[in-house]
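Student: Sequence:
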Amino acid sequence: MTQSLFEHCVARAEGAAAALPSQTVPGRVLAHAAARPDAACYFFHNPAGPPDVLSFEDLVARASHVAGVLTAAGCSHGARVALIFEHGPGFVIALFGAFFAGCAAVPVAVPTNETKRTRAGAILAEADCAVLLTSPAIAKTLAEDGIGIAALPPIIALDTVDRAASVIPDRIVPEDVAIIQYTSGSTGHPRGVVVTQGALYAQMCAIDLCLRSEGEERVVTWLPPEHDMGLMGGLLFNLWRGDPTYVLAPESFIRRPYLWLDTISKWRGTVSVAPNFAFDLCVRGIPSDRLKTLDLSSWRVALNGAEPVQPETLARFADVFKPVGFDPQCFLPCYGLAEATLLVSGAARGGGATTHWFDPEALEAGRVVPLVAGTGRCLVSSGPVRTTGGVRIVEPETGVPCRSDRIGEIWIAGESVGSGYHDRPEESVSTFRQFTATGDGPYLRSGDLGFLWNDELYVTGRIKDIVLWRGRTLHAADLELLITGADPAIRPGRIAAYQRDAGNVDLVVEIAQGRLGADGGTGVAERIWRDLMAGSGVDVARVRLARPGTLMWTSSGKLRRRDTHARLETESGLLVLDWEPGPLRARRAQIEATRTLAGAIAQKSVGPGAYLRFLTDWVAAAVNCAPQDVDPHLPWADQGMDSLMITEMVVDLEQAVGRDIQPELLFEIPTPSGLALALAQGSS
1 MTQSLFEHCV
11 ARAEGAAAAL
21 PSQTVPGRVL
31 AHAAARPDAA
41 CYFFHNPAGP
51 PDVLSFEDLV
61 ARASHVAGVL
71 TAAGCSHGAR
81 VALIFEHGPG
91 FVIALFGAFF
101 AGCAAVPVAV
111 PTNETKRTRA
121 GAILAEADCA
131 VLLTSPAIAK
141 TLAEDGIGIA
151 ALPPIIALDT
161 VDRAASVIPD
171 RIVPEDVAII
181 QYTSGSTGHP
191 RGVVVTQGAL
201 YAQMCAIDLC
211 LRSEGEERVV
221 TWLPPEHDMG
231 LMGGLLFNLW
241 RGDPTYVLAP
251 ESFIRRPYLW
261 LDTISKWRGT
271 VSVAPNFAFD
281 LCVRGIPSDR
291 LKTLDLSSWR
301 VALNGAEPVQ
311 PETLARFADV
321 FKPVGFDPQC
331 FLPCYGLAEA
341 TLLVSGAARG
351 GGATTHWFDP
361 EALEAGRVVP
371 LVAGTGRCLV
381 SSGPVRTTGG
391 VRIVEPETGV
401 PCRSDRIGEI
411 WIAGESVGSG
421 YHDRPEESVS
431 TFRQFTATGD
441 GPYLRSGDLG
451 FLWNDELYVT
461 GRIKDIVLWR
471 GRTLHAADLE
481 LLITGADPAI
491 RPGRIAAYQR
501 DAGNVDLVVE
511 IAQGRLGADG
521 GTGVAERIWR
531 DLMAGSGVDV
541 ARVRLARPGT
551 LMWTSSGKLR
561 RRDTHARLET
571 ESGLLVLDWE
581 PGPLRARRAQ
591 IEATRTLAGA
601 IAQKSVGPGA
611 YLRFLTDWVA
621 AAVNCAPQDV
631 DPHLPWADQG
641 MDSLMITEMV
651 VDLEQAVGRD
661 IQPELLFEIP
671 TPSGLALALA
681 QGSS
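The sequence shown begins at 1 in the UniProt record's numbering and counts up one residue at a time.
These aren't lab readings, by the way, just hints derived from the structure by calculation.
Every residue, glycine too, gets a C-beta built ideally from N, C-alpha and C.
Just to be clear, a hint being listed does not mean it is correct.
To be verified - Think about it this way: if two alpha-carbon atoms lie no more than 20 Å apart in a straight line, the pair counts; the simulated EDC-like pairs of lysine to aspartate or glutamate are:
| # | residue 1 | residue 2 |
| --- | --- | --- |
| 1 | K116 | E668 |
| 2 | K266 | E312 |
| 3 | K116 | D531 |
| 4 | K604 | D531 |
| 5 | K116 | E654 |
| 6 | K116 | D159 |
| 7 | K322 | D359 |
| 8 | K266 | D243 |
| 9 | K140 | D531 |
| 10 | K140 | E216 |
To be verified - What follows is a list of derived Cβ distance ranges for each label pair:
| # | residue 1 | residue 2 | range |
| --- | --- | --- | --- |
| 11 | D578 | G609 | 30 to 40 Å |
| 12 | T484 | Q513 | 29 to 39 Å |
| 13 | S404 | P548 | 38 to 48 Å |
| 14 | D519 | G549 | 46 to 56 Å |
| 15 | E571 | L677 | 37 to 47 Å |
| 16 | E312 | E397 | 24 to 34 Å |
| 17 | E361 | D519 | 47 to 57 Å |
| 18 | E312 | G520 | 33 to 43 Å |
| 19 | Q513 | G439 | 30 to 40 Å |
| 20 | G549 | E312 | 30 to 40 Å |
| 21 | W267 | E571 | 55 to 65 Å |
| 22 | P323 | A502 | 40 to 50 Å |
Turn these sequences into a full structure, and let the hints steer you where they fit.
Tutor: So, in structure tokens, the structure goes:
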């Protein structure tokens, strides 16, 4: 940092109440840079050596250069700037560069596969960004391959531009738009939540109210920075506090869950946040012989959010990792959504997860009837409400506030609530600016069902058209759109996706008469399942082929998804086929493939062919096809394999060969044939 820039930061810190208030995240960071310029704020994991370290001084200096680049490029105050960066310091530097230039940052995931390319193109088309900031490598890929839209915004590769004059803002106010956060799972029609600097700062305060930190916190995160939890809870919170954060690449956790816990252990991390599935993946994906290398005694807060918190998950994780120092009292279940910037409620630090038992039949009827422990349905509390305006439990159809013993929609108020959806005025009003029947408001409609009990929030389900899948929030209509053309037998517009319970998504599809085929519809159901897997990564539990007229609609023509699924549970004769992918059969096939490979290795009769047979048999079982239909030259993603499947395959492969498999192999050599050859060469 130059001396003049350093003095500018000092002036900003001393005069924070004036032009650059400390009640903004950029103002707070400038104050930290002035007070402790050499203090490290980020450690970025580097698998080839020591982590890349970014100090407050470095962050401010490099971000001010980015701000100068944006200003020189003609970006006016409020202009939208897309950010696409691989793992490393580039993203956070560009983010604060946008802040310093008075621009709104639009985080976008690196388009590494067709699904992500489609989503990135949809976001860029919808956001109408003035420029796209990225790295030289990604800029080259975008220039060569594009991402499926007519015109990309001007691309600026930060490491290749000429030095521009550094810019430190004279004024950032809470009303400035800081980020347009695209909701994590929207596939066909992304929705960008407008987050102001004031809302961003209020969110930091809400998280701090949960954590009640004393002394230095050391955050460890692997969550994607374009995800609301990864950005607000992973990257920004500890920066706002002035403490360091250790950042892992998201794919590094998916490849090897052990790395997350090993980093907490070695770096003495105190806080880390993840969705429910990540804790389950650690239980399933970390070999028992690795446990003894961990020391999790420094971990004080384990936030669990982004999808329903399952009591079974907490119990399993605690049972496995308590012997290596994990304290179950560190669990901090929380609830939030991108529309509220992130966190809405969260448990108290050090108190662990609060669970209670309720009458399941009453819950289904919308009533809250507590029971003694061990009877009924166990729910995990999401803790006290942390937003400044609180929440109301409201009857979603009428807007009437619910009685305390009733389940209703969670309506949210407070300074951290977003301003609306970018360029969607009608949806913004219907979602962000709702009033109760008694005139209270405005409130954000969450789309979630829940109740308040003992002053804590319990989330019981989703309303109508929202699906949670492995930490992503998906719109049912977007999933339905993905399979419209899966088979000519599907009646146009007659598809209903519904979340039956945590982890299980069902599809009901009306089929034209006489179009099932000789197999009774099995082929149709399989094509529907494959198209949805390829387009969204969602592995539905059931594909239910139904007769015309099965789906239910409102008088205004809106699909009644919940009522349709309830009808199928009570009326007979509506379904022509109730098809399941057969995960148990698939798992048995994978276990058999593992045993076969292990036997070949034991008999020293293993070559590329044996490895290839294992890989094709395993993939075939995972994506529900015949082994001969697995193309050995096709990348994993194009086979229908998601990151979780790949992680599970690596675990089986390591078990068969009796040694660690370098996870980089699956990404450097992304095809079955190439991996089989590499494995054979590595064993010789």
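Student: Hint by hint, note whether the structure agrees.
Tutor: Each hint tested on the structure:
1. K116 / E668: holds (19 Å)
2. K266 / E312: Distance of about 28 Å is beyond 20 Å: violated.
3. K116 / D531: holds (15 Å)
4. K604 / D531: violated (40 Å)
5. K116 / E654: It is violated: about 29 Å lies between the C-alpha atoms, which goes past 20 Å.
6. K116 / D159: With a Cα-Cα distance of about 24 Å, the restraint between K116 and D159 is violated, given a limit of 20 Å.
7. K322 / D359: violated (31 Å)
8. K266 / D243: Holds, at about 17 Å.
9. K140 / D531: violated (30 Å)
10. K140 / E216: violated (40 Å)
11. D578 / G609: 30 to 40 Å: Roughly 39 Å apart at Cβ, these two residues keep to the hinted range, so it holds.
12. T484 / Q513: 29 to 39 Å: violated (19 Å)
13. S404 / P548: 38 to 48 Å: holds (44 Å)
14. D519 / G549: 46 to 56 Å: violated (24 Å)
15. E571 / L677: 37 to 47 Å: Roughly 55 Å apart at Cβ, these two residues miss the hinted range, so it is violated.
16. E312 / E397: 24 to 34 Å: Since E312 and E397 have Cβ atoms about 33 Å apart, the given range 24 to 34 Å holds.
17. E361 / D519: 47 to 57 Å: Violated: the Cβ-Cβ distance is about 39 Å, outside 47 to 57 Å.
18. E312 / G520: 33 to 43 Å: Holds, since E312 and G520 (Cβ atoms, about 36 Å apart) stay within the stated range.
19. Q513 / G439: 30 to 40 Å: violated (51 Å)
20. G549 / E312: 30 to 40 Å: Because 39 Å falls inside the window, the suggested range holds.
21. W267 / E571: 55 to 65 Å: holds (57 Å)
22. P323 / A502: 40 to 50 Å: Between P323 and A502, where Cβ atoms are some 27 Å apart, the hint is violated.
Taken one by one, the earlier hints fail for this structure at numbers 2, 4, 5, 6, 7, 9, 10, 12, 14, 15, 17, 19, 22, listed in ascending order.
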